[in-house]
Each structure stands twice: as structure tokens, then as C-alpha cells.
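Asks: Given next are the chains, with one letter for each unit.
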Amino acid sequence: MTTPPWRAAGGTAVQRPSFHPVAIRKSLGKSNNSSTYPTAQALQQPQQQQQKQQQQAARRTQFPDALKAYVARTFEDCPSENKAEVEVSLKKIITDAFENETVWTIDWATYPLPAAARRQSTTNSDKMDISSGDDSSPISNSPAKNNFNSVSKGSKRKLSSRIASDKNEFAVTRPDKKYKKTSASNYSYEGPDAFKRLDKRYKRHQTKNVFSHYNAMHSALDSPAFAPIVGRATNLEKRYLRLTSAPDPDTVRPLHVLEKTLELLKSKWKAENNYSYICDQFKSLRQDLTVQHIKNDFTINVYEIHARIALEKADLGEYNQCQSQLANLYSEKIPGGHPHEFKAYRILYLLHTCNRTDMNDILASLTPAEKEDRAILHALAVRSAVAGGNFHRFFKLYLDAPNMGGYLMDSFIDRERLAALAAICKSYRPDIPFRHITEELGFENDAECEAFIVKHNAGNFIKTKESSKDEGNSKIVLETAKALPTIEGAKAAAFKKVDIKGQI
Amino acid sequence: MESIIRAWRTAHAEENGKLLASTISLTNTDLEEFAYSTNPARVAEDIFRSLEYENNASRPKITNKTGLEAWAEVYVAFWKVAQALERHDEVEWGQVYAATKDMTQAVIRGFQNGLWDVWQLEVLYTACKYLRYVAIRSDEAKRSNGEDTWKSLEDAARVINRAFNVCLNDRAELAQSRKWGTYYIINILFKTYFKLNAITLSKNILKALVANTTEMPDLLDFRTSDVVTFKYYCGVIAFLDEDYVKAEEHLEMAYQLCHKAAQKNKELILTYLIPTKLLTRRQLPSATLLKPYPLLESLFLPLAKCIKSGDLRGYDENLARGEDWFVKKRIFLTLERGRDITLRNLFRKVYLAAGDSKTRIPVDHFKAAVSWKSGVELETEEVECYLANMIYKGYIKGYISREKGMVVLSGSNAFPGTGV
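Protein chains in written order, with the numbering used here: chain A, -7 to 496; chain B, 26 to 445.
Because the hints were derived from the structure by calculation, they are not lab data. Here the structure is a predicted model, which is why all the values come from computation and not from measurement. Do not take every clue at face value.
[As the list claims (entries may be wrong)] Calculated lysine-lysine pairs in the PhoX-like style (CA-CA distance at most 20 Å, straight line):
| id | chain 1 | residue 1 | chain 2 | residue 2 |
| --- | --- | --- | --- | --- |
| 1 | B | 418 | A | 474 |
| 2 | A | 188 | B | 398 |
| 3 | B | 353 | A | 363 |
| 4 | B | 353 | B | 333 |
| 5 | A | 60 | A | 83 |
| 6 | B | 330 | B | 302 |
| 7 | B | 383 | A | 188 |
| 8 | B | 333 | B | 374 |
| 9 | A | 275 | A | 258 |
| 10 | B | 353 | B | 220 |
| 11 | B | 289 | B | 333 |
| 12 | B | 228 | B | 271 |
| 13 | A | 262 | A | 275 |
| 14 | A | 252 | A | 305 |
| 15 | B | 429 | A | 457 |
| 16 | A | 188 | B | 216 |
| 17 | A | 457 | A | 488 |
| 18 | B | 330 | A | 467 |
| 19 | B | 374 | B | 354 |
| 20 | B | 220 | B | 316 |
| 21 | B | 271 | B | 285 |
| 22 | B | 271 | B | 333 |
| 23 | A | 474 | B | 302 |
[Stated by the list, open to error] Short, incomplete list of chain B residues facing chain A, as computed with Cβ under 10 Å:
| id | residue |
| --- | --- |
| 24 | 231 |
| 25 | 235 |
| 26 | 268 |
| 27 | 313 |
| 28 | 316 |
| 29 | 323 |
| 30 | 326 |
| 31 | 330 |
| 32 | 352 |
| 33 | 357 |
| 34 | 409 |
| 35 | 411 |
| 36 | 417 |
Each residue gets a CB set at the ideal place from its N, CA and C atoms; glycine is no exception.
With the rest of the complex left out, here is chain A (with noise of 0.2 Å):
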């Protein structure tokens, strides 16, 4: 069998040992310009090719079905301006096949594709470990980063500078203070505007774009040394593991199997409503997609269709897990999505964790537009209400929360029922009509206002008043001073620090 040049040239280095009898590669990891010459074998048997050549004339025009996925598969994913280039060295593979009559035996579902026909594949695709350097990591995408290490060592002072301060023992004062002198030199010390004197020198420099030179030198080094991998797994599902080590392109599944999965899995969560299941294998999706260096609108609907799940199952650690790698896909500009939609859900969040810092940030960050959606400016109203203890029109917008922002609020509803209530036991005397309460806090019912006092050991102090105007017309109060106590304590526990998984 002689080994075809294409095989010869090794411009795919992850490839699986193949069962059929052809390739023994020679050259492993020379680049792709060895191709162009065809391997010493390969010219000595020119004669036998041309007669199998004849022999296989009949079977040409039949392909089998592996090589059609295989041919759909290159295309998908092939960025456009490749196309041509694409064609080339499919046609090329493909009549390699037929030649060294390959093409029945070659397993074309886990056979590499063209080069050219991934994204920013490269040849070194061998080095495949995400986890190195802050560059390549697709997750780090935030300006602060804890590592700020230091180094200090012990000092070696001068003696002669030891013995000079023994001189002056009883005094600590501050050195400069001593060593005031004038010059006789004729330099200018730093003035206050110093720095403005530097912008105003090099100003000039500004105004042109300079900086292409430092820029390519910078991206050259910026731009990941480990491609990322393209995966060949085929099944849809998969349970979702922990990577512990460089993943491995067989078990993970490239793009257009996962756009199958995301399919399966919608109509599976209708169907079944098995939240366990569901998160299981959209994280094993998610983390599919981040081994691949995936960021398109089909990532921003996996990790949206995620989290909005995650919402509905009051699962906040997944849901914010999802949320800051939406924050970071937005940001990026990567179109599609909802993104008003789930700065919305962000700002009800920070109300949830009390994180006033973020907060501010994200006010700060508010665009005119973004001021102008309903949900965003749902969420301001919800937070002016909070900040306020404005408790009326809090429940009032609480009952009418666009898209799935109930879900969210219903995470600190609770908390802030009891905020409220504390208020009203501090400020209503003898008592307050029960039924206030659960129209002011809310409720839709009586008898849910009922579960709520008494989950929180209040409920000895709902009473029935005989009302002496109204005719024999009892009325069910809360007792304010007397719940007091009890309101106080378990507001106090609900506000307690939130602490969630995946908090940024």
C-alpha cells in the first residue's frame, strides 16, 4: 500500500491510529509544505495505481453515506472566507480515497476535517491545554483579577548607614525633614502639574494611530499558542464530568451535534420537567462549548435557555454561573440574545445579594436606550422601592414583574415581607386588620398571609376582635406590639449575608 502525499504531510496531529492499512506517517508534525511532493513510495508505483485506477471506474460515482455527514460536517462550521480553500482539500481527500480505494474503509464519522475548515485551527493542535495562561482562557474576562502577588525579601543594609543612625538614636523624625538642602544645580524639581506638562509635550503623539506596530507584536502573542480542539464526538447526550485534565476531542462533541442536543433537550424539558437531568447536561453542553472556544449567538442561547431553567427552579448558583458568562458574551458584542432582558434579571439579582458596589456599577453602566425597556426600568422601580422602604409599591410591582423577573423576586420576597411587616408592628397601634396585611404585603390570599406569619412563629398573635360598632361583625387583627419581637428576629435572620455559589 503506499502512503498518499496528503497523509504524508501531517497537518493533522491529533488523529485517531487508523484501522485501515494506509497510514504510516512518516513525517509527524513537518508542515503542510511536504504535501506538494509525493512521497518516494508514491512515485515508484505509478503503474499499479493507473490499473486500479481502471478497476475502480465502476465504483466511482457511488458514495458511501459516512463521506455525504462527513462532506455536510466540513461545510458547517467552515468559516466562509475558507470555502474555497475548503473545496480544495476536500476534493483532494476524497480522491485520495477513491484511489487508495480507502474510501469504504475509512471510519469518515471520527476522520479529521480539512484543515482550513475550522476556526482558528492550527497545525500544533497536539498542545491543547485550556487551563494555561490568562490569554487563552475564554472564562477570565474581568478587569480585576486577585493576583496581585508581591515579593519581599530581607534587606542587607549598609553598615556605614547603620552606624550613621546610631548618631542620631533619639531622633525619628522623618528622614526627609533632615536632609532638606538646596541645590546648586540647575534642575527643575517635579512640580505639581508635572504630569500635565508630559501630556502637553507628548500630545502630538496622540492623534495619530500609532500603535499598530506594539498591537501586532502584542496580538502575535495574545493569540492562543494552544489552538482550541474540535471535538468528534457524536452522541447528543452526555453527562456533564468535571474536566480534571486537557480534554479529549473524542468526548466532546463539536457544534453541530450540540445544536441537535440543545434541540433534544427543549423538547425533553417540556416533556419531562426533570430539572436534575436538565442541568446535568446543559452544563456538560456549556462546557463543550467553552473546550471549543465557541462564542456565537448559539452559545448565547444555551447559556440564556440555562439560565431562565435555572430560574424557574429558584436555582441561583447556576443561574448566576450563566449570567456572568452572558455579561461577558454581551459585552463582546457577539449578536443575538436578550440582553435588556437579562440586565434586568442582574439588577433584581443585586437586590437579592445586596451587593450595593455592583450596583452602582451597573447604574453607572445603563445606557439611554437601556433606561427606556420595561423590564430595566421595572427593575430600577423595584430598587428605588427597596432603597426606600417604599414596601407599597414594592408588592405592587412585585405582581406585575415583566418576563421571568417574579421568579427572581421571589427569591427575597420573604425578606423584604418581613421588612415590612416589621415596619407596620412598629408603627401600628392597638393592632392591624389581618386582611391589610395581606393586601399590602402582596399575598393573594388570606390564607397564604395565614402560612406566612405563622411559618415565622408569629401566628399566636392573630386574634379576633369583636367589634363594637359593627354588628356583631368580628374582625381578625395582628397584635403589633406583641409580634414585634418575633417580626424583628427573623428579619433580622433573613438578612443575614446571602452567600451563593459562583458569586461574582
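Knowing the structure of chain A, use the given hints to seat chain B on it.
Replies: For chain B alone, coordinates are given in the frame of chain A:
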């Protein structure tokens, strides 16, 4: 080159830190001459020779061979800075940054190896100061190219943090200790962290400082300018932590110590001191205080007037008008709490209008007042909600009787702290 190296010698003869620091300053008037005085192939040798010559001419000699080598490293790096700034038609700030970083690291090494004395700390200050400046320019340049990055400044923060540790952890006697440089470097670090929006890192610095506090000289023995800046940042950090009592303490001290001509600094301090005092003491700034600061005056004064008169609508409008600036300064969420005080003042007026020692006032009266002053017709429930909050927060002493639709106020001191 001669003039710079000669200044190096003069500075040593006089033990003049400022002069010494000016020899590595980016605003040095001889920068251009220095840049053209040698070339990349010869720079190391030329500078070493020059230093050696001045050293040999000094009586007594300034330093030994190791010392000369350390200085040569600094000046070679500085020459690269000068070259990047002066010898190109267009400055490439990335290059300037890389060279300035080398220079700063060479300075830090010099101190770390115990080669230099405390009077030379000015050199460290200057290096760190310009490192931060150049890093910002380098990032700006890249951002104007569409790259969203703070990498240079983050990197600079790490280098300056090393300088901080070199100062803080010096165990020499106080008179000779680099600890005297700690606050200057801390202030540069704070500035950097605030710019990077990494305020938590500032807290780490404060923690490291507290751990070393016993061996530190008293804060007030440091340069007043350092103390003011330090106290200002401590105040802002406490403010952002909502620890307003501490914030007031720090900011008050910064304000008192601040040089009377340092208008800009006083404005910065007041930006945070005014909202702080609003919360801790319910104090409002006077027109006289704000007079010298047109920006503060235009934003805070109308707000203060509305709070005083209980003008809810005016308060909301003025808060919204300044929102962008308030949010940028991170004082919006704090100022927002001033609404409670506005409301309290309005309710107090209702109480006063009702006549002497009248303790029972219909909820409807409060409702009318709020509706009038906020320009929106409110529901009774919402007004009750306001009243309940006022009572709960201790702004009003009394209770609401829902059955009778009345607010019953305490006979004495119904509005604590207002003389009523």
C-alpha cells in the same frame, strides 16, 4: 548624558533626594540630549563609564562596583525610556511602559539589596509615579485601537505593590527605615486600584498595614500631603463599605489637614464628606462652604435646599439631574437616603401647621402634604407606608391608628433632633 550623571553625583554629595529623583524623571529637561547621547550597542558601557568617572572624582567615593552596577541598570533602563519618548516620530507607549517597568524594577532591586539609603526613596517615588502614568497612557493607546484592556495598569499595580512591600517590610531602625516611604507608595497603589475598579485590593493593603502597625512611625509624623491623600482614600473605602462613622472620621481628618490652597483636593474630600454627614449627623452643607466649588455648589446646594424645605419633587428632580455624576462618584445610593430626611421635614411642617401640641393628626393631612409636594396624587396606603417607615426608623415618635385613620404623635420630642 554628562549633565544627568553629574546631577547624580551632586545629589549624592548633598544627599538631595529630589535632585536625585529628577535624574530619572520623564520631565527632565535633558531628556532629549540624553536620548541622543549614545546608542543601543554602547549604552551599557557608556553609562557605566560615566558613572565610574564621577564616582572616582568624588571624595569620598559614592559607592563601590556593585553600587555602580545597580545605578547603571537604572540609567540604562531610563535611557531606553528616553529613547522611546524622544527618538521616534510617534511615541509607542507600549515600549515606553516596558522600559519604565524595567527601570522601576531596577530601582526596587537597588533598595531590596540594601544598596541605597532612605534619603534616596525619592527615586522610588518618581519611578512608581511615572510607571503608573505611562501604564495608563499605554492602555489608553491600546483602547483607542479598539482593544479593551487594562493590562499595563494591572501589571504596574503588581510592580508598585512590590515597592510597597520593600518599604513596609524594612526592619532597619526607624530613622533609617524605608518605612517612611510606605504611605507615598500606598497612595499610588490606591490611585491605581481605584482606577482599575479593584477596591478590594486596597483593603488588602490596609490589612497588611494594620499587621505592621506597631513598628510604624506615627501617621502624623509623615508628610502631611501623604497623610491627607491616605486619609482621603481610607475615608472613601469606608464610605463604600457603608461604614459612615469611620468614613466621617477619616474624611474629616483629611479635610482639616488639607492645604488651604489645594482646592481640587478639598473638592474631592467634600464630595464624600457631604453625603456622609447627611447620614451620620443629618447635616447639610451651607452655601458658604460650597461657594468655592462651582460643581459641588450646582449639585449639592439645590438638593440641600429641597431637603430642608421638604420639597419632594424638587429633591427627586435634582437627584435625577445629578445622577450621572453621583453614580460615577458612587454617592448616588447614599444621597438617595436623603429622601427620608426630606419626608421627615415635610411631615414636621404638617405637625407644626396643625397648631400647638396637637398630637392627633389625620393621615389625610399627611397625604395631602405629600401629594402636593411630590406632584403625584398618592393612595392612603402608600402614605401610611411612608409614615410607618418614618416611625420604624425613629424619625418620628408616635403610632398610626388604622381604625381611626389617625397618626398619634408623642407629646414631647415627636421629631427627635429637630427641636420639636
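Asks: Each hint: holds or not?
Replies: Structure-based check of all given hints:
1. 418/B x 474/A: holds (19 Å)
2. 188/A x 398/B: Violated. Residue 188/A to residue 398/B sits at ~48 Å, over the 20 Å cutoff.
3. 353/B x 363/A: Status holds; Cα separation ~16 Å.
4. 353/B x 333/B: violated (25 Å)
5. 60/A x 83/A: holds (13 Å)
6. 330/B x 302/B: Holds, at roughly 16 Å.
7. 383/B x 188/A: violated (63 Å)
8. 333/B x 374/B: holds (11 Å)
9. 275/A x 258/A: holds (14 Å)
10. 353/B x 220/B: holds (12 Å)
11. 289/B x 333/B: violated (27 Å)
12. 228/B x 271/B: Roughly 14 Å between the alpha carbons, so the hint for residue 228/B and residue 271/B holds.
13. 262/A x 275/A: holds (18 Å)
14. 252/A x 305/A: Violated: residue 252/A and residue 305/A sit about 24 Å apart, past 20 Å.
15. 429/B x 457/A: holds (16 Å)
16. 188/A x 216/B: holds (17 Å)
17. 457/A x 488/A: Roughly 35 Å between the alpha carbons, so the hint for residue 457/A and residue 488/A is violated.
18. 330/B x 467/A: violated (46 Å)
19. 374/B x 354/B: violated (33 Å)
20. 220/B x 316/B: Given that 20 Å is the threshold and the Cα spacing comes to 29 Å, the pair is violated.
21. 271/B x 285/B: violated (23 Å)
22. 271/B x 333/B: Violated, at about 26 Å.
23. 474/A x 302/B: Cα-Cα ~36 Å, so violated.
24. 231: Violated, about 14 Å.
25. 235: With Cβ-Cβ at 16 Å, over 10 Å, it is violated.
26. 268: violated (12 Å)
27. 313: Since chain A brings no Cβ nearer than about 27 Å to residue 313/B, farther than 10 Å, the hint is violated.
28. 316: violated (24 Å)
29. 323: violated (20 Å)
30. 326: Violated: closest Cβ of chain A sits about 23 Å from residue 326/B, beyond 10 Å.
31. 330: violated (20 Å)
32. 352: holds (5 Å)
33. 357: holds (7 Å)
34. 409: This interface hint holds because 8 Å falls under the 10 Å limit.
35. 411: holds (7 Å)
36. 417: Constraint on residue 417/B satisfied, holds at 4 Å.
The structure fails hints 2, 4, 7, 11, 14, 17, 18, 19, 20, 21, 22, 23, 24, 25, 26, 27, 28, 29, 30 and 31 (numbered hints given earlier, in ascending order).
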